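Student: Chains A and B, in that order, give the protein sequences. Counted from 1, the first sequence has number 598 at position 522 by the numbering used here; the numbering is strictly sequential. Counted from 1, the second sequence has number 173 at position 71 by the numbering used here; the numbering is strictly sequential.
For the record, the hints were derived by calculation from the structure and aren't laboratory data. Treat the hints with care, since some could be wrong.
Here are the simulated DMTMM-like pairs of lysine to aspartate or glutamate, each with C-alpha atoms no more than 25 Å apart in a straight line [stated by the list, open to error]:
#, chain 1, residue 1, chain 2, residue 2
1, A, Lys553, A, Asp535
2, A, Lys187, B, Glu235
3, A, Lys187, A, Glu175
4, A, Lys102, B, Glu235
5, A, Lys190, B, Glu241
6, B, Lys245, A, Asp167
7, A, Lys102, B, Glu147
8, A, Lys198, A, Glu524
9, A, Lys527, B, Glu147
10, B, Lys118, A, Glu524
Pair by pair, the computed Cβ-Cβ distance ranges are [stated by the list, open to error]:
#, chain 1, residue 1, chain 2, residue 2, range
11, B, Glu188, A, Arg584, 26 to 34 Å
12, B, Asp303, A, Asp106, 33 to 41 Å
13, A, Glu509, B, Pro116, 39 to 47 Å
14, B, Gln149, A, Asp522, 29 to 37 Å
15, B, Asp303, A, Asp277, 40 to 48 Å
16, B, Val125, A, Arg584, 15 to 23 Å
17, A, Arg584, B, Pro116, 16 to 24 Å
18, A, Arg584, B, Thr108, 19 to 27 Å
Every value quoted in this text rests on a predicted model; they were computed, and no experiment measured them. C-beta: ideal position from N, C-alpha, C; glycine also.
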Amino acid sequence: MRIINSDVLVIGAGLAGERTAIACAKRGLDVTILSLVPPRRSHSSAAQGGMQAALANTVMGEGDTPTVHWLDTVKGSDWGCDQEVARIFADNAPIAMREMAHFGVPWNRVKGGKQQVFIKGKKAEIEEDFANEGLITSRAFGGTAKWRTCYTADGTGHTVLYTMDNMVLQLGIPVHDRMEALRLIHKDNRCIGAIVRSLRDGEIMAYIAKATVIATGGYGRIYGESTNAVINEGTGSWLALQTGVVPLGNMEAVQVHPTGIVPTDILITEGCRGDGGLLLDVDEYRFMPDYEPEKMELASRDVVSRRMKEHMLKGKGVQSAYGEHLWLDLRQLGEHHLTTKLREVYDICMYFIGVNPITELVPVRPTQHYSMGGIRVNKDGQAYNMEGLFALGEVACWDMHGFNRLGGNSLAETVVAGMVVGKQVAAFANKAELNVEVTLAEEAADLERKKMDRLMNGDGQENVYALRDEIGRILTKYVHIFRTGEGLQTAVNELKIIVDRTKNVKVRTSAPGMNPELSIALRIEGMAKQAYVIAKGALDRTESRGAHSREDYPARDDKNWLNRTLVRWAEGEPDPVFDYEPVGLLDLPPGDRGYGGGHMIDMDISVDEYNKQVDPGQTTNGRLQPAEPTGTKLPKEAWRAKLEGKE
Amino acid sequence: MGRTLTFKIFRYNPTKLNDKPHVEAYRLEEIPRLNVFTALNMIREQQAPDLMFDFVCRAGICGSCAMVINGRPTLACRTLTADLPETIELFPLPFFKLLGDLSVDTGVWFREMGERLESWVHNHKEFDPQAIEERMDNETAIKIYNSERCIECGCCIAGCATAQVYPDFIGAAGLNRIGRFLFDPRDERGDQEWFELVSTDEGIFGCIGMMACDDVCPKDLPLLEVFAYIRRKVSGIAIKK
Ligand SMILES: Cc1cc2nc3c(=O)[nH]c(=O)nc-3n(C[C@H](O)[C@H](O)[C@H](O)COP(=O)(O)OP(=O)(O)OC[C@H]3O[C@@H](n4cnc5c(N)ncnc54)[C@H](O)[C@@H]3O)c2cc1C
Ligand code: SF4
Ligand code: SF4
Ligand code: FES
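With the rest of the complex left out, here is chain B (with noise of 0.2 Å):
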């Protein structure tokens, strides 16, 4: 006999007059390799029409779907319902604007993240299209893309107790794309600039390394060994000086 799940799912329509936050339970047969992806459409198409959630790759690619599942924040669309219990809590992921519903607006966030570190190559070069490419390791490049592995989909934000109370704080995936542009030899930013970047309360100094967030990344990222790194050349720099 199959299990009838209970959803208690967080509601608030921001744009509706009068509306409350408020939580509503749903019920639903649970099927075979059910995932929340596949639940909450369900739910969606049956019950509550209104309800609003964000599904893009349906495949743990794209970071959209984040939300807090029992209290932890993770990726709906890979979570079967087969590992939970047969109540299932729902909440949207804190910290970020609330769109509406399990809905938040992580997009925005991470485009001003982006922006405040300057996440680009910073490179002086001309692109030349006749010439070969700059060589480049391959150890170095897994070591890049082992940090470009992140799909910014807020769960280390929403889990950091200092992101809760410094809302600029620019979190594990802040200083995650720091340590990208670190490790890539392409990017010309100088011991000074970085140190300005990351030896802050916003950057590494407000981490109280408890690593909340390497627990509940979903992309496993080396956030662990990304952090030391930082700390060390943040520390080598001060020492420098």
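Chain A on its own, in the form it takes in the complex (with noise of 0.2 Å):
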């Protein structure tokens, strides 16, 4: 077996894994980053509206600071964020969106004077001051107090990776790409990297690495239905649940976008309710002033997928061959502006749906699109119970979205977080000692050799696509905007069969090289594992909180269940654990978000009560002790100054 060496092993080079590899090259690591596919074809490049932070250069942003970032955050989690690591990524969004500016992301820029815009759904006029001409600008996003959105057009992913990339090239950090990462090689809780397969040859490899870093994504693919490009399947996070010993986080907490079109799937950015868009029913009437007066299309993701839902069950949904949809409306933004800002979104809707926005309306469902949860690690990106493991982006559990992110946090996440954590990865990797045994890199080879040998030779019958297919049937029907204790049950019962049938699975085809058939097999048990474990964790969570929306536990319960979940599940265990932890310390207390309605069972110890018992609960449950200790990077009440008008 070939054995390749490096200082840092990155999985994924996406935005996320792709910051981080520069982070350990310019701090003098040899760095190695692994891919599925073309870096630049990752999923990054698919995000469209934009990143979020604190610039205030437009005037729509005046007055935004970090805090209120901060604060729209931890609101939007439904409080329940890391509220720490939500001000680490608030305080220094900024900063990354400026970086980025000086390697080269086109950004749109202020422009000085009258412009036209729209204003909760209205046509207004608005001055951008001269001074700020040909600084950042930003557009309006859901749950956010101001226009903190930086974008390019609707390619903002797009430019963003395309940058990034080109560092990458600049500092000449290799990239492996068309390969798969399929199993950690590690020993007492230590990681010293990956086994790997090679998605041109098929040949098995190890990468060995002081550090080893996942950066793979979301897993949106385990629902079928999802905005998801096709490769997200969840193989990272499977590399974490795989070991037994790294828990996933809140894998429960599931984002469901307000737009994704019908059918296909594809998303339609929110950058577009942002510039003005409109959601409307069957009657062509916009409904949503009459749920949420404040915010209307704009609060936050979870509640608008709600509103929608709720108002589809009130029989004011459009019926269509593809099911019931409601209409996103664009015709008011005007042709210049669709063909301009948001051209994205109209080649999709001309090419996809033969749907033309400027004139007609643009039929829409919520649709999965985002993974809260993950691979749970410290504020340092460091996995819980595994030294020399990291993980960031999509794929961890860092937690500054708890139960629902915001548009445009994503994305501003996977480059603050590559900042932050990479000089984490560099500093572990600089004084780590490795010692190699190359036995153990065999012997983790074989398992998988073993598990090829099984699904290509052994006397399976099941096929892969339809357990794939009914995973998806199962989380689509029962794990979704509205769940109920009966639904989640039949989800957990149906789900464990399948998670038994992933053993006799048969691949239909001895066909040599990268094998399709073999590469969706060798990722089925995880796909079903983690999709029970997203069943299980909504099941025993009887409470609603952010995305995970409970009919038969309605309120917010800060009282029992302001808690993140951990799984782990053990390889031949035929269940996973579960364990909870204090979701870190609060500085703003829990309150109401001030949208979506709903109401909340209050906490029954005081705030210091709840913060003394953090650091204890976390470190039971593995966290390993970041570099500085928790709480340094969160100024106590900085929230009150700027609520009173002090900041």
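Starting from the two chains in their separate frames, assemble the complex, guided by the hints.
Tutor: In structure tokens, the structure reads:
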């Protein structure tokens, strides 16, 4: 078996992975990046809308600061986030945007003078300060107090990823594309790399490194119907779950985006509603102001998706051959806006469903979009219970999103986390010693070879695609916008059977090389087990918080559930093990989000008492000690000055 | 009544001993709004489990799925079968290294192109995390963006007569990339450096200007404009010399 050594192995060449690789290479480390696809095809490139950072350059962002951004993020998370991590994020986001400008991103810029825009769905005129002309501008997004989302038309992820990858080229960091990490190599809670399969010729290799970083993005495709790229099958979070010791956090926190197009589920960016797009029902009536008089179409995503579903349940949906949907009305934005600032959206509507958004309504419905949960890490990005393993980006549960992430906060997270976590990865790799036991790599590779042999030559009968479709159907039916105990129990029961059935998959072709059916067959156990822990976590969480909305437990329950779900699943064990830990230090006490309605069950201990439980509660669950103690980056009650107008 | 489509697909697995390039036919009942992405997945799942092809975004954004469909290089994911006749021929993009069936290695070619052209902003200033960003007018930003929109799909290279004859030609995508950095005031490369980069047979002089590239580019990049700009720039520098 070929063995490839580096100081740092980064699994994933999206924004999170590449920014980490850059941070390490700039500190003199030898880095290798792996990716399923050429780096620029990673899913980050599909993000359209933009990235949040409190630059306050546009007049609609006046008075914005990282504190206001942080407040929006904590409220958006329905208090499920780690407030210190949200703070690290909000404080660094402006630096990250400016650095990306320095690297070459052609951000849209402020134009001085009068501008025609839409505010809360109505035409309005604003006047930009000429003093800010040429600085990075922003647009509105859901759940935010200010216009804060930086963008390049509706190709933000594309330009930022291309620019990031240009840096990777400049620094000469090798990217091995068409490679799939199948299993981590680890012993005694120390990770030393991964077993990797080439998707060019099927070769099995070992990549050994002092530090291993997982940056593999989301798992949306487990849902079948998803806005995610088809490669987002949860292979990265599976690497961690498979160890049996690294927990996944909050897997039941799954975001459903209000506007996937019907059919095909391709995303229509929130930037459309930010720029003035409206949601209409079967009577072409604008219904959101009735439900959310303050934020209307721009409440947080969990809330808008729920309101849409509620409205459809009242019989106000549009019936079609592809199921029920609502309308997104972009007509008032006009041809110029739609063919420049929302050009990708225009193309998607025209090419995929033959709808011209300049003159016609766009059919949309809520669609699985984002995974708040993932590999649980401390504030330095270090995985629980496993030295030498880091995770960041969508695959991680760093946890600035809690139970709902705000639009524009995820792309920004990848770059900020890349800076922050990248520094810690480099510090670790610079002082780490590595005793490579080649037999350890061989043993890990053997497990994968045996699995391949079973899939190819075993006497199983199961068709891998049928199982994949079943998993998607169950999750979409029972673990979606609204959840009930009964539905979730059904999902758990059915998924349990599917997990067992994955053992009997039979690959129908013995073709050498990448063998597409073998490739997916190798992933199916991970998909099924993750589906199971999503459903089981949702069943056990008897409250409603953010995207996790239980019809039978409609209240947010801070008395019993102000915590984070952790799940581990050891190989060969029939069942996963669930634990809970405090969400992190509370600075902004739990309160009302100001949108979404619903009621709350208050904590029965004081914030101080809660905060005392954080360190012990997280350490017992395997959190490694971060470089700085908990709380150092969370200025006490900075929000008070802001809310009282003193910041 | 729906149509029965016949897909004639190029098949060849280079890792398979004694395999020879050939064409195989698959039949499929057409369903409403069927596109080539869905069709190929249906064929793989139901009929040809070893069929290789590449899709990532399935939304016309990532550039993975370019192939030759009834003679024309284009993105498979956003090609609707309703716009095609009953017989649909699928071939891999020419020019690029074939990985198997419809899958070609555009990734490595574009990476090498990026290295050759030093596809990054050449700027000697250190980033100052405390400072506000340098200003840029919005028109310039948009101009850069319009070239930055290239998704590295390779259609323009596959459709280019010069590229088929001179494998070192940087193609429309390469020229467009040069344009992207030429437009960018942050890039400090001077006339001499640009001149050396583009005024060669692998660069702008290799281009015969029939604009097949412009015709097939799925992102409608302003290739004509960019080429004209580069030509003006190069002759400007030549005259100064
Ligand atoms: C359609 C869409 C639009 C979006 N728009 C926005 C937006 O406007 N604003 C915003 O903030 N967020 C947006 N998001 C969310 C955001 O784009 C993602 O969360 C973010 O890009 C994830 O980045 P990442 O670096 O973590 O992962 P990705 O960009 O998904 O990269 C993952 C990488 O890991 C590699 N990989 C995966 N598994 C393996 C493996 N086993 N072995 C080797 N390599 C592997 C892949 O090849 C890829 O290179 C959007 C998401 C979608 C689906
Ligand atoms: S104009 Fe013709 S020769 Fe020049 S790049 Fe385009 S296709 Fe190639
Ligand atoms: S220029 Fe157009 S055709 Fe050529 S690679 Fe870029 S997007 Fe594709
Ligand atoms: S799959 Fe991304 S462009 Fe076709």
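Student: Keeping to a limit of 25 Å between CA atoms, is the pair of Lys102 (chain A) and Glu235 (chain B) held or broken?
Tutor: Satisfied, since the Cα-Cα distance of roughly 21 Å is no more than 25 Å.
Student: When you check the alpha-carbon spacing of Lys187 (chain A) and Glu175 (chain A), does it fall within 25 Å?
Tutor: holds, 21 Å
Student: Check whether the Cα positions of Lys118 (chain B) and Glu524 (chain A) lie no farther apart than 25 Å.
Tutor: holds, 22 Å
Student: Are Gln149 (chain B) and Asp522 (chain A) spaced within 29 to 37 Å by their CB atoms?
Tutor: Once the Cβ atoms are compared, 34 Å apart, the range 29 to 37 Å for Asp522 (chain A) and Gln149 (chain B) holds.
Student: Has the given pair, Lys245 (chain B) with Asp167 (chain A), been kept, meaning a C-alpha gap of at most 25 Å?
Tutor: violated, 31 Å
Student: Does Lys527 (chain A) pair with Glu147 (chain B) here, judged by a C-alpha cut-off of 25 Å?
Tutor: OK: Lys527 (chain A) and Glu147 (chain B) at ~21 Å, within 25 Å.
Student: Please test the hint of 26 to 34 Å on the beta carbon pair from Glu188 (chain B) and Arg584 (chain A).
Tutor: At roughly 28 Å between Cβ atoms, Arg584 (chain A) and Glu188 (chain B) fall inside 26 to 34 Å, so the hint holds.
Student: Could you tell me whether the CB distance from Arg584 (chain A) to Pro116 (chain B) stays inside 16 to 24 Å?
Tutor: Hint holds: Cβ distance 21 Å, inside 16 to 24 Å.
Student: Within 25 Å, alpha carbon to alpha carbon, are Lys187 (chain A) and Glu235 (chain B)?
Tutor: holds, 15 Å
Student: Given the hinted pair Lys102 (chain A) and Glu147 (chain B), is their alpha-carbon gap at most 25 Å?
Tutor: violated, 45 Å
Student: Between Lys198 (chain A) and Glu524 (chain A), does the CA-CA distance stay at or below 25 Å?
Tutor: Violated, because 58 Å separates the two Cα atoms, which is more than 25 Å.
Student: Range first: 39 to 47 Å. Now tell me if the beta carbons of Glu509 (chain A) and Pro116 (chain B) are that far apart.
Tutor: holds, 42 Å
Hint violations for this structure: numbers 1, 6, 7, 8, 15, all remaining hints satisfied.
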